Amino acid sequence: MEIISNVSNTNVIEMVMIILGWLIIVFLAYRMYRKQIVKPKVWTIPLMLIVGLFSLSMNLKMLETIVKVPILPLGVWILYFVFKGKNEKWQTYRSYAWLGFVANFIFFASTLLTIPLHHVIYPKDKLSVYISNVENASIINIHPSAKDRSLSKVSLIKQLDTMRQEAIYSDQWYNETLMNTESNKRNERFPYLLIGTSSKWGSGLHTLVYIEDDGKGILLSTPKRELYFRSQDSIMEGGE
Amino acid sequence: MTKKKIWFLGLLIIMLSIIVYWFYFSTPTSFPTNEQLVEELNRIFPKATASIIQDTISIDERHVLVPFISKKDDYGLSYWVWKNRKWQVASIDTKGEPILWKLNGNDPSSFYFVWNINPKDQLSSIHFYLIRDRGYRIAEGIERYYPRVQMEKRISFQEKSYGSMQLPDDWITFMNAYLEVESAKQSPGRNLFFGWIPYDLTNQQIFPERSVNGSGYSEGKVDVEYVMILNKGEIEIP
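Note that the protein sequences, when read in sequence, are chains A and B.
Counting along the first sequence from 1, when you hit position 166 you're at 166 in our numbering, and nothing is skipped either side.
Counting along the second sequence from 1, when you hit position 55 you're at 55 in our numbering, and nothing is skipped either side.
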């Protein structure tokens, strides 16, 4: 059970792309090895690759994700100094060290591919991507203005695909809540939290799901952004 | 000769692992007597001037809370942990205002409020709070609204003015969900905090003068979080 829930929380696309990247590197190393006349000891090749991988890189923010762009081949330089004066040996190892540095670009490219692919497979504006398994869902009250109500799973499931995304008026919500009443009589606009749901398998998305006081609004809070959805009917029952 | 050496080495490894196991994973022995506790408290932190042990509260197999009264008539707390085959004092507070003791790092289900209120402060109840302030943020075209989280748990005092309490279930549920999203952020932060409000017999908020501003000893590895005294006015009661 533990393992299954862990897997369901990992970003499967990212994982697959990393594995793919390594397969390409291994394949390239194998081709180099076959072409060489003076062959190095096999166990030294991974070592050269890993040291070669070591580089100075620049962090770039792209589509809300930080990607690493390699700049300086530090690992290759280190190996160059290690093999200084042993020119023949360096000749056999050099290409693997550089392949290690090139691997940085392979991973960089795989990240560039992962981001749009992830967006296509898990559309970021679909509620059903964030709330996919409703079986064990329930709500908890996170503010005293919440009433004693419970989740209507039937209503939630029925409306998952039809809820409309709407704009977040963050400052307006904040100011309305603050101004309408004296300081200690305030109602929270989102006094409930939906728990026990999980995001779509393999998406690796983590979300806090707040529910609006009228039961018709869902505020999703992910590490990168917030999304707001409205439904026709309330997804809660009881209370009032 | 070599065969002998291998045998010897194997035996050594087995012996070592038994010793390590016995040292780190053995189940705790019986807890020290009250006299031993007083002696140890005063040896480690003479300022504690412990004189009476009020109780020993076992929180789990390896963590025990010991409220005590000092010679100056202060009500203090000592935190005992089973480590390296010994019951050790992890921390001492000379006054017992509530504090959050985190037994196991980031796992909210291992968080306990602990307190030892001076009876002269005449509290009749404590309200504990878990709060995240309401807020909003607009940056780079991305709008965020943070709903206020305010969860409450009331403790009323009958005969004992000391005790411990695990975080309520719904607090744990909320914190787990919150921490999961927070830790997936590129720059994780934490805006949750814990608070408490003391009430007297007439249900008025009072300031528990004799239970706050104590001094303390801590061996460094003990994980506690400060619990702030809140004002009744800061609490939303719709």
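It cannot be assumed that every hint is accurate.
[To be verified] Restricting the straight-line Cα-Cα distance to at most 16 Å, the calculated cross-link-like pairs of lysine to aspartate or glutamate (EDC-like) are:
1. A:K68 <-> A:E14
2. B:K160 <-> B:D223
3. B:K160 <-> B:D121
4. A:K185 <-> B:D223
5. A:K224 <-> B:E140
6. A:K185 <-> B:D133
7. A:K158 <-> A:E237
8. A:K153 <-> A:E135
9. B:K185 <-> A:E135
10. A:K158 <-> A:E226
11. A:K224 <-> B:D121
12. A:K185 <-> B:D121
13. A:K216 <-> A:D233
14. A:K124 <-> A:D161
15. A:K224 <-> B:E143
16. B:K232 <-> A:E182
17. B:K102 <-> B:D223
18. A:K224 <-> B:E182
19. A:K147 <-> B:E236
[What the hints assert, rightly or not] Computed Cβ-Cβ distance ranges for the label pairs, DEER-style:
20. A:V42 <-> B:W7: 32 to 40 Å
21. B:G105 <-> A:D233: 37 to 45 Å
22. B:F31 <-> A:V42: 35 to 43 Å
23. B:I142 <-> A:V42: 49 to 57 Å
24. B:N104 <-> A:K61: 54 to 62 Å
25. A:E237 <-> B:F31: 44 to 52 Å
26. B:Q36 <-> A:D148: 47 to 55 Å
27. B:N176 <-> A:K147: 22 to 30 Å
28. A:K153 <-> B:I138: 47 to 55 Å
29. B:M165 <-> A:D233: 37 to 45 Å
30. A:I66 <-> B:Q88: 23 to 31 Å
[What the hints assert, rightly or not] Output of the computed footprint for chain B on chain A, the stretches with three or more beta carbons under 8 Å from beta carbons of chain B:
31. 18 to 26
32. 99 to 111
33. 190 to 201
34. 204 to 216
Derived from the structure by calculation, the hints contain no laboratory data.
Here the structure is a predicted model, which means the values were calculated and not measured.
Even glycine gets a Cβ: it sits at the ideal position worked out from N, Cα and C.
- prompt: If you check each hint against the structure, which ones fail?
  reply: 2, 4, 9, 10, 11, 12, 22, 24, 28, 30, 31 and 32
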